[in-house]
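Chemist: In case you want the letters, here they are:
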Amino acid sequence: MNVGEILKNLGESTGFMGFGGADGWKALIMIILALFFLWLGIKKKFEPLLLVGIAFGMLLTNLPGGGLYHAEWWTGADAVANGVNYGYILQHGGLLDILYIGVKTGVYPCLIFIGVGAMTDFGPMLSRPSSMIMGAAAQGGIYLVLILAVATGMYSGGEAASISIIAGADGPTAIFLTKTLAPELLAPIAVAAYSYMALIPLLQPPFMKLLTTKKERMTVMTTTRKVSKKEKIIFPILVTIIVSLLLPSVAPLLGSLMFGNLLKECGVTERLSDTAQNALMNIVTLFLGISVGATAIGATFLSAKTIVIVVLGLAGFILATICGLLIGKIMYVLSKGKINPLIGSAGVSAVPMAARVSNTVGLQYNKGNYLLMHAMGPNVAGVIGSAVAAGFLLAVFA
Amino acid sequence: MGISLLSGVFKSTDKIQVVDAILLALIGVVIVFVILALIMLIVSIVGKAFDKSEVLKEKHPEWGEKLAAAKSKMMFWKKLKKDAEEAEVAAQSAPVAAGTCGELKLINTDERDAAMIMAIVADTTGTPLNELRFKSIKRVEEEK
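In order, the protein sequences belong to chains P and S.
Position one of the first sequence corresponds to residue 1 (this note's numbering), numbered consecutively onward.
Position one of the second sequence corresponds to residue 1 (this note's numbering), numbered consecutively onward.
Worth flagging that the hints you see were computed from the coordinates, not collected in a lab.
This one's a predicted model, so the numbers in the text were calculated from it and none came from an experiment.
Any given hint might turn out to be false.
[To be verified] Below, in silico cross-link-like pairs of lysine to aspartate or glutamate (DMTMM-like), each with a Cα-Cα straight-line distance of 20 Å or less:
1. Lys11/S - Glu184/P
2. Lys230/P - Glu58/S
3. Lys230/P - Asp51/S
[Stated by the list, open to error] Label pairs and their computed distance ranges (CB to CB):
4. Lys81/S - Leu245/P: 23 to 33 Å
5. Gln17/S - Ala279/P: 25 to 35 Å
6. Pro201/P - Ala49/S: 48 to 58 Å
7. Ile27/S - Ile29/P: 36 to 46 Å
8. Asn278/P - Glu65/S: 36 to 46 Å
9. Ala49/S - Leu363/P: 29 to 39 Å
10. Ala49/S - Leu35/P: 55 to 65 Å
11. Ile233/P - Phe76/S: 42 to 52 Å
12. Leu56/S - Pro206/P: 46 to 56 Å
13. Lys214/P - Gln17/S: 19 to 29 Å
14. Ile22/S - Asn9/P: 30 to 40 Å
15. Arg225/P - Glu88/S: 48 to 58 Å
[To be verified] One-sided excerpt, in silico: chain S residues whose CB lies under 7 Å from chain P:
16. Ser12
17. Asp14
18. Ala21
19. Leu23
20. Val29
21. Val30
22. Val32
Yeah, the Cβ is synthetic: ideal placement off N, Cα and C, and Gly gets one too.
Please work from the sequences and hints to get the whole structure.
Modeler: Here it is as structure tokens:
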């Protein structure tokens with residue numbers, strides 16, 4: 001028995017040797033980046049529920065030799081030409097390969113939407129239906145970014161569409177669209193979407209103050225009509241039927257959202273609603289975060305494309321906020337000063353963070369002027385709006 | 001549908017021109033607005049219908065009372081029918097009382113009470129017991 005040879009083999013099989021390979025330095029940088037994201041999530045509390053998972057997935061996938069995730073099985077030339085071989089992956093795949101099936105098949109975003117639906121109260125939107133216009137307007141950011149991404153000349157149509165959806169400020173929708181149109185960009189798009197969502201309290205207020213007058217910001221909104229239980233039950237059923245018939249590609253996302261909401265509102269499925277809001281949501285968030293993070297391989301992540309995605313994502317959030325605010329201002333005029341334009345910025349769908357920001361800025365200028373419930377209307381309308389926008393882009397490019 | 005016309009126009013890997021992107025953006029914005037405006041319209045109509053029904057209820061309280069009365073009447077008849085069905089099932093499955101010609105069924109009643117009841121009936125009506133025919137005796141629970 002040659003002890004020296006055994007030790008040599010053992011040394012060569014360690015992950016440390018992997019750093020000496022062609023893309024070894026990129027893996028090292030990705031590990032440092034993963035540690036940075038972990039710090040952002042844990043210390044700075046930037047969307048920690050997802051960012052911690054994404055960062056840890058990033059860490060695991062870039063540790064050489066682990067074999068937890070094989071990017072080539074998902075986005076390699078063979079997978080693109082002949083489709084993903086799920087049977088092979090189930091037999092030979094690593095842990096993160098198996099978990100990634102839920103992303104690739106679009107199951108996780110839909111399950112998350114069931115949870116989001118179960119946590120969402122559409123009451124404020126139903127009591128003031130005009131708030132849907134603000135939710136629609138904020139989606140303008142998505143389409144402006146689509147134009148910008150195409151203008152850079154760096155991206156294909158599908159990639160540009162996937163980048164543009166970051167402006168929808170809706171993580172599950174961004175993942176759902178990207179896994180189909182540009183799976184190789186999933187990690188940077190998901191990281192950008194969730195990071196900017198966490199930064200909404202910092203990103204939106206300067207533009208809210210810039211685009212509105214003090215008088216507009218001080219507008220006190222009157223209480224709206226009370227929405228009956230029956231209306232809340234009818235709404236998810238009606239919306240699912242109408243929107244899915246008009247735009248079938250949106251059915252998985254919107255159907256899941258509305259199903260979750262029906263569980264909450266119908267009053268006879270409390271246990272299911274509770275599971276959707278808590279246990280299911282937590283489990284899927286865990287799987288989604290770690291498997292999306294796993295796609296952040298140094299060789300593809302560390303590129304000029306990623307940097308431009310980060311810039312375009314930021315531009316998208318700002319443009320969406322501006323679009324919402326501008327429609328808010330128009331509605332302020334049309335309603336003869338009864339609608340506070342600050343709630344327009346809540347049209348970006350980050351629920352409920354964007355609505356909270358509208359409330360906070362409103363309170364700064366008029367103590368006692370609580371805009372939260374009024375802002376929830378455009379906020380939840382934004383969720384529907386971004387799902388519709390994603391459905392449209394899927395219909396065009398898929 | 002309009003959307004299906006767009007399907008297959010581009011592949012996700014196709015590079016598209018800025019003009020195409022602008023056109024897509026315009027169509028996309030219109031679609032989002034149209035769909036949300038449609039939902040808004042439906043929500044408004046449903047909301048108004050509910051408000052109207054509330055107003056009508058307040059204006060004509062007698063309608064509400066009539067509706068409630070009709071509902072309770074329906075419930076009463078349903079309950080009566082259900083009780084009768086249950087009694088029939090119970091009567092069919094109840095054991096035959098000992099010493100009878102084989103027809104008397106006792107439901108939640110012991111033989112001693114049944115004998116007393118039959119004796120009381122015979123005495124009250126002045127009819128000899130062997131001329132009376134009892135089919136079943138059922139204990140009726142008092143309503144609380």
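Chemist: Hints first: check each against the structure and report whether it holds.
Modeler: Quick rundown of the hints versus the structure:
no. : hint                           : in the structure
1   : Lys11/S - Glu184/P             : holds (16 Å)
2   : Lys230/P - Glu58/S             : holds (18 Å)
3   : Lys230/P - Asp51/S             : holds (12 Å)
4   : Lys81/S - Leu245/P: 23 to 33 Å : violated (42 Å)
5   : Gln17/S - Ala279/P: 25 to 35 Å : violated (48 Å)
6   : Pro201/P - Ala49/S: 48 to 58 Å : violated (39 Å)
7   : Ile27/S - Ile29/P: 36 to 46 Å  : holds (41 Å)
8   : Asn278/P - Glu65/S: 36 to 46 Å : holds (43 Å)
9   : Ala49/S - Leu363/P: 29 to 39 Å : holds (36 Å)
10  : Ala49/S - Leu35/P: 55 to 65 Å  : holds (57 Å)
11  : Ile233/P - Phe76/S: 42 to 52 Å : violated (28 Å)
12  : Leu56/S - Pro206/P: 46 to 56 Å : holds (50 Å)
13  : Lys214/P - Gln17/S: 19 to 29 Å : violated (44 Å)
14  : Ile22/S - Asn9/P: 30 to 40 Å   : violated (60 Å)
15  : Arg225/P - Glu88/S: 48 to 58 Å : holds (52 Å)
16  : Ser12                          : holds (3 Å)
17  : Asp14                          : holds (5 Å)
18  : Ala21                          : holds (4 Å)
19  : Leu23                          : violated (10 Å)
20  : Val29                          : holds (5 Å)
21  : Val30                          : violated (10 Å)
22  : Val32                          : holds (5 Å)
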